[in-house]
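Position one of the sequence shown corresponds to residue 6 (my numbering), numbered consecutively onward.
Note that these hints are calculated values from the structure, not bench results. Possibly wrong hints are sitting among the right ones.
Each pair of labels, with its calculated beta carbon distance range [to be verified]: (1) ASP106 to VAL178: 20 to 30 Å; (2) GLY421 to GLY72: 50 to 60 Å; (3) GLN157 to LEU15: 43 to 53 Å; (4) ASP7 to GLU405: 54 to 64 Å.
The beta carbon of each residue, even a glycine, is placed where N, CA and C say it ideally should be.
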Amino acid sequence: MDRLLHLFTLPRATFIIVVLQSVGLAGLASPWAEHLVPLTPVTLLIIALLLLLHTRPDALTLAFAAGVLVLGFLVEMAGVRTGIIFGHYHYGDALGLKLWDTPLMIGVNWLLLVLCIGPLIAGVALPTWARIAVASLVMVGVDLVIEPVAMQLGFWNWDGGVVPMRNYVAWGVVSAIFFAAYFTLPVKRTNPLAQVVLGAQLFFFAGIIGIGALQGREAYTYLALDLFTLSFPLLRSFEPRVRYWRKWPGLFTGTAVMAATFIAWDAIFTATGVWGFNPRYLTGPHIAGLPIEEWLFFLVVPYSCTFIYEVMRYFVRRDVLGTVARPLAIILIGVLTLVGGLYIDRIYTAITFLCTAALLTVHVFVLRSPYLGRFLLAYAVNLVPFILVNGVLTGTLLDEPVVWYNDAENLGIRIGTIPLEDSMYLLFFLLLTVTFYERPLRRAHGDLLPPVPGHGAD
Numbered sequence: 006m007d008r009l010l011h012l013f014t015l016p017r018a019t020f021i022i023v024v025l026q027s028v029g030l031a032g033l034a035s036p037w038a039e040h041l042v043p044l045t046p047v048t049l050l051i052i053a054l055l056l057l058l059h060t061r062p063d064a065l066t067l068a069f070a071a072g073v074l075v076l077g078f079l080v081e082m083a084g085v086r087t088g089i090i091f092g093h094y095h096y097g098d099a100l101g102l103k104l105w106d107t108p109l110m111i112g113v114n115w116l117l118l119v120l121c122i123g124p125l126i127a128g129v130a131l132p133t134w135a136r137i138a139v140a141s142l143v144m145v146g147v148d149l150v151i152e153p154v155a156m157q158l159g160f161w162n163w164d165g166g167v168v169p170m171r172n173y174v175a176w177g178v179v180s181a182i183f184f185a186a187y188f189t190l191p192v193k194r195t196n197p198l199a200q201v202v203l204g205a206q207l208f209f210f211a212g213i214i215g216i217g218a219l220q221g222r223e224a225y226t227y228l229a230l231d232l233f234t235l236s237f238p239l240l241r242s243f244e245p246r247v248r249y250w251r252k253w254p255g256l257f258t259g260t261a262v263m264a265a266t267f268i269a270w271d272a273i274f275t276a277t278g279v280w281g282f283n284p285r286y287l288t289g290p291h292i293a294g295l296p297i298e299e300w301l302f303f304l305v306v307p308y309s310c311t312f313i314y315e316v317m318r319y320f321v322r323r324d325v326l327g328t329v330a331r332p333l334a335i336i337l338i339g340v341l342t343l344v345g346g347l348y349i350d351r352i353y354t355a356i357t358f359l360c361t362a363a364l365l366t367v368h369v370f371v372l373r374s375p376y377l378g379r380f381l382l383a384y385a386v387n388l389v390p391f392i393l394v395n396g397v398l399t400g401t402l403l404d405e406p407v408v409w410y411n412d413a414e415n416l417g418i419r420i421g422t423i424p425l426e427d428s429m430y431l432l433f434f435l436l437l438t439v440t441f442y443e444r445p446l447r448r449a450h451g452d453l454l455p456p457v458p459g460h461g462a463d
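Modelling step: build the complete structure from the supplied sequences, incorporating the hints.
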């Protein structure tokens, strides 16, 4: 084992994985794609072996890996042959040799995902049950990304071309079983290659989706925007100075509270026609009347926006808005309350402005939040990527908007193609997320000492 690790060091293994995924992405975007797809099993096997090697496995870890590989294959085989577990689907020939209509490599795929997601969640300070839940949700999120690419490349296909909700539920349950074993058994859970593999996999799938969107497969447009929004913050989450991943417990809490609030709000507004979604730019699956892409939006946007907030906190050591944050917030509260009250009959304007004013009031007069100045500065910076991404969602560069708005329910004022209310919508959901993100950190937010190399800000 040591000789293999000496041969395939972390830099060498990283280089191999990046080259394999980059060449694969370039090849699949070329006219010779159909000739390269059959090489997928070889790529998966190489990456899985490198990942297992860098786990430095003992006998128990090897037994666990074998169990995931075999059980992953068996559950997929049962799913294909019965249609009960995941829904009705069938495999193509792209994943290689099949047994009972199921590719042998599908077990390797389960193992690869468990071994790259498990170590990342293991490093987060959470109780075991929470680690199992979070890791399983990440697996479901990865499957949301994989599904359209897998169908495009002929890995598998669903009857009717639509992924049933049962598939995502089953993915979560099966993943929870694997991660329950992973986090309770004394297996090796440290792997420096895990973040490289997950990042490379997401880069590959995001690239395929993006290429598909550019080549006229419009159904991938919203999904591609979600992945674009997540890509850089996720890859930089493990950067040793900011150490964003160490702050995930608060982020998960903040995102959960925000998502529960805003998904309910979103579903009601969609059902009542305040806004809606253009099926031309959606992959198809819906939950509670909302497209899968919209659910992902409420995961990737707070993750990415809070990442910017944390990066700003580290690199901007001075609280530049500290002395004016409260007056600015009070002025904003007054303006939002006035406009929201005057246009109480326009539901998007009224609810967005009044709710934002209420949350700001809590921060100014009740919590007296020490981070308000830093939040407002980060919010101003977040407006730049927000305008870029939301601009596309509302129709910039596209024939039609991905998300349409009923102007009878808003002020009718647009920043380009973006309703003015969206800027306050962003402020509200980001401030709600940061409120719960900051609670477990309990840190000072005045001017900070210069950063110490190799360490995150206090």
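We went through each hint and held it up to the structure:
1. ASP106 to VAL178: 20 to 30 Å: 22 Å, holds
2. GLY421 to GLY72: 50 to 60 Å: Given about 53 Å between the Cβ atoms, the range holds.
3. GLN157 to LEU15: 43 to 53 Å: 32 Å, violated
4. ASP7 to GLU405: 54 to 64 Å: Holds, at about 58 Å.
Hint compliance for this structure: hint 3 is the single one not met.
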